[in-house]
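A.B. asks: These protein sequences, in sequence, are chains A and B. Under my numbering, think of the first position of the first sequence as 4, with each following residue one higher. Under my numbering, think of the first position of the second sequence as 789, with each following residue one higher.
Just so you know, the hints here were simulated from the structure itself, not pulled from any lab data. No experiment lies behind these values; they were computed from the predicted model shown. No residue lacks a Cβ here, since even glycine has one placed at the ideal position from N, Cα and C. Wrong hints could be hidden among the right ones.
Derived EDC-like pairs: lysine to aspartate or glutamate, alpha-carbon spacing no greater than 16 Å straight-line [said to hold, decoys possible]:
no.	chain 1	residue 1	chain 2	residue 2
1	B	K887	A	E312
2	B	K841	A	D77
3	B	K887	A	E310
4	A	K366	A	D104
5	A	K344	A	E310
6	A	K280	A	E295
7	B	K887	A	D313
8	B	K841	B	E863
9	B	K807	B	E824
10	A	K344	A	D99
11	A	K290	A	E247
12	A	K255	A	E299
Calculated from the model, a selection of chain A residues having no Cβ within reach of chain B, i.e. all distances over 12 Å [said to hold, decoys possible]:
no.	residue
13	G20
14	S31
15	A32
16	R49
17	M63
18	G137
19	E196
20	A216
21	D327
22	R362
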Amino acid sequence: MSDTNLTDSAPVQAPPGVVDCDIHPTVSAMSDLSPYLTDRWKGYMREYGANFRAAFANAMVYPRYNRDGGSRMDARPPSGAPAGSDLPFMRQQHLDPNRVDYGVLQPLRPNGIGARNQAFGESLTAAVNEWQIGSWFGPERRLKGSLMLTREDPAAALREIERHGANENFVQVSVLPHGLEPLGRQRYWPIFEAAAALGKPLGIHVGGVSGMAPTSAGWCSYYVEEHHSKCEAMQSLVTSMVIEGVFERFPKLRVVLVEGGFVWVPSLCWRLDKHWKTLRSEVPHLKRAPSEYVREHFWYTSQPIEEPEDPRHMLDAMDWVGWDKILFSTDYPHWDFDDPKFAFARLRLTPEQHRLLFRDNAKNLYGLR
Amino acid sequence: MPQRYVVATAGEIPVGGSKAATVAGREIGIFNLGGEYFALLNRCPHEGGPLCKGRRTALFESKRPGTFTSSRPGEILRCPWHGWEFDIRTGRSYCDPDKVRTRAYAVTVEPGRHLVEGPYTAETYSVSVDENYIVVEV
Ligand code: FES
Chain A
4 MSDTNLTDSA PVQAPPGVVD CDIHPTVSAM SDLSPYLTDR WKGYMREYGA
54 NFRAAFANAM VYPRYNRDGG SRMDARPPSG APAGSDLPFM RQQHLDPNRV
104 DYGVLQPLRP NGIGARNQAF GESLTAAVNE WQIGSWFGPE RRLKGSLMLT
154 REDPAAALRE IERHGANENF VQVSVLPHGL EPLGRQRYWP IFEAAAALGK
204 PLGIHVGGVS GMAPTSAGWC SYYVEEHHSK CEAMQSLVTS MVIEGVFERF
254 PKLRVVLVEG GFVWVPSLCW RLDKHWKTLR SEVPHLKRAP SEYVREHFWY
304 TSQPIEEPED PRHMLDAMDW VGWDKILFST DYPHWDFDDP KFAFARLRLT
354 PEQHRLLFRD NAKNLYGLR
Chain B
789 MPQRYVVATA GEIPVGGSKA ATVAGREIGI FNLGGEYFAL LNRCPHEGGP
839 LCKGRRTALF ESKRPGTFTS SRPGEILRCP WHGWEFDIRT GRSYCDPDKV
889 RTRAYAVTVE PGRHLVEGPY TAETYSVSVD ENYIVVEV
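Working from the sequences, and respecting the hints, build out all of it.
C.D. replies: Next comes the structure, spelled out in structure tokens:
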């Protein structure tokens, strides 16, 4: 008899009702955004293209392994349209069978966030936000939006918050981690001030194109390296926001790091605390050890979940990070999708831990009922 | 006691093709590798991805950085979710062949006249004596 070792991956009963904090909708074609763009910008895209700050317009620097920006091979709808562009198919393949009570949209493609032409960036970002209303959370009440903001143009970001910030279906405001400067720099503070005043979390999904090398060690050769550099960017961003004093200035600001992992958080905190003990007088605006700001202000989505040989190591990491700070996410329809039946299956969670991770933490954070 | 199930006619799965069939309550993928047939449980041991929907590739190996060889075209099945590689002949994964594997089933091609005599279960097939059939042992 051929034996199959399924002890590593036996599915657990999917807990009724999960909140999925990372779902990627995409357009079937750029024309999906036409209703939300003026003739000026439609014509601009036709003539000049949507200028992402990457080597080639509308292309990523590293390959994405699968089609449709790195999607599951089985996630294309029967029509052949790109994965993530068809709401009925998303319901059928993901929302219904995985019992998603709420799903938080993370629209990454297209976006106007990296556009150097500021007026175009503002218009494209606004169009993506209106498209979330018109095509996603308007017709599907389980879905909730992320209000995308032009990080490098805070004035435009504030206008966007004025337009849609009060819409309760936008459960967070969002920027991307790779930018021109580390995110804690004061030029970005107007966005934090507005998010704190609004009382909505700032969601930061991995990605963005800064024009600089993706890893702090320079330009790497392989996608597998670049994929990991997302965690590095998150670490730099946490360090920057804490050390610059963002949370002293905006004590109500809550930040969600999406898809950047979290097992690195404890070691980063240990190290920052150690440095702070010596170098504190350089940053006297910090009133507490860096780790305390991290513990209070950051949340983390789970996918792609680390899978150490010994599952107890994962539990230790979760103890350190805080069980109230981890939010389940799938990344549907992307290729590193985590299935709710398997994502934490090896950890043998208590029912209480299950409830927190799969549902309650996200509901509390986003004010969902 | 393993049962034998008729899952397809011999001409039905082209070379390089596959078919998913449900037998005895489980979904099984049957693969045609250059005229030889193999059957695997259509469920990835990692997070349960439907293996049949994955891409088939060659085996890529390297003796040192900067070189590579490719062999066994079409014999490596990549899970459609996270892309783990499985050997279609054995169900074993590349990353951890002893522990991470999907169940492989014995497959034979049988002439219809044997099958009519039994003991086979043809859940969806009415078997004719003049055809050849793919039979999986579950
Ligand atoms: S489910 Fe197959 S590789 Fe993850």
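A.B. asks: Taking the hints in turn, state whether each one holds.
C.D. replies: Consistency of the hints with the structure:
1. For the hint pairing K887 (chain B) with E312 (chain A), the CA-to-CA distance comes to about 12 Å; that is within 16 Å, so the pair holds.
2. At most 16 Å may separate the alpha-carbon atoms for a hinted pair to count; K841 (chain B) and D77 (chain A) meet this at roughly 6 Å.
3. Straight-line distance between C-alpha atoms of K887 (chain B) and E310 (chain A) comes to about 15 Å, which keeps the hinted pair within the 16 Å bound.
4. Only pairs whose Cα atoms come within 16 Å are accepted, and K366 (chain A) paired with D104 (chain A) is accepted, the gap being roughly 10 Å.
5. Note on K344 (chain A) and E310 (chain A): the hinted pairing holds, with a Cα-Cα distance of about 15 Å set against a maximum of 16 Å.
6. With a C-alpha separation of about 13 Å, the suggested pairing of K280 (chain A) with E295 (chain A) holds against the 16 Å cut-off.
7. Between the alpha carbons of K887 (chain B) and D313 (chain A) the distance comes to roughly 14 Å, so the proposed pair stays at or under 16 Å and holds.
8. Note on K841 (chain B) and E863 (chain B): the hinted pairing holds, with a Cα-Cα distance of about 14 Å set against a maximum of 16 Å.
9. Straight-line distance between C-alpha atoms of K807 (chain B) and E824 (chain B) comes to about 14 Å, which keeps the hinted pair within the 16 Å bound.
10. Proximity of K344 (chain A) to D99 (chain A) is assessed by CA-CA distance (about 14 Å); at most 16 Å being required, the pair is judged to hold.
11. Distance check on the hinted pair: K290 (chain A) and E247 (chain A) sit about 12 Å apart at the alpha-carbon level, within 16 Å; holds.
12. The hinted pair formed by K255 (chain A) and E299 (chain A) meets the criterion: a straight-line CA distance of about 10 Å does not exceed 16 Å.
13. Taking the minimum C-beta to C-beta distance to chain B, about 20 Å, the non-interface status of G20 (chain A) holds against the 12 Å cut.
14. Interface exclusion of S31 (chain A) from chain B stands, the closest Cβ pair being 21 Å apart, more than 12 Å.
15. Chain B leaves A32 (chain A) outside its interface by the beta-carbon criterion, the shortest separation being 24 Å against a cut-off of 12 Å.
16. With 12 Å as the threshold on Cβ separation, the claim that R49 (chain A) sits away from chain B holds: the shortest Cβ distance comes to roughly 34 Å.
17. Annotated as non-interface, M63 (chain A) keeps its C-beta farther than 12 Å from every C-beta of chain B; the closest such distance is 18 Å.
18. With a closest Cβ-Cβ approach of about 30 Å to chain B, G137 (chain A) is found to remain outside the 12 Å limit, as its non-interface label requires.
19. For E196 (chain A), the requirement that its beta carbon stay farther than 12 Å from each beta carbon of chain B is met, with the minimum near 40 Å.
20. Separation of A216 (chain A) from chain B is adequate, the least Cβ-Cβ distance of about 21 Å exceeding the 12 Å criterion.
21. Non-interface call for D327 (chain A) relative to chain B: holds, since the shortest CB-CB distance, roughly 25 Å, exceeds 12 Å.
22. Against chain B, the non-interface label of R362 (chain A) holds: every CB pair exceeds 12 Å, the least being about 20 Å.
Of the numbered hints stated above, none is contradicted by the structure.
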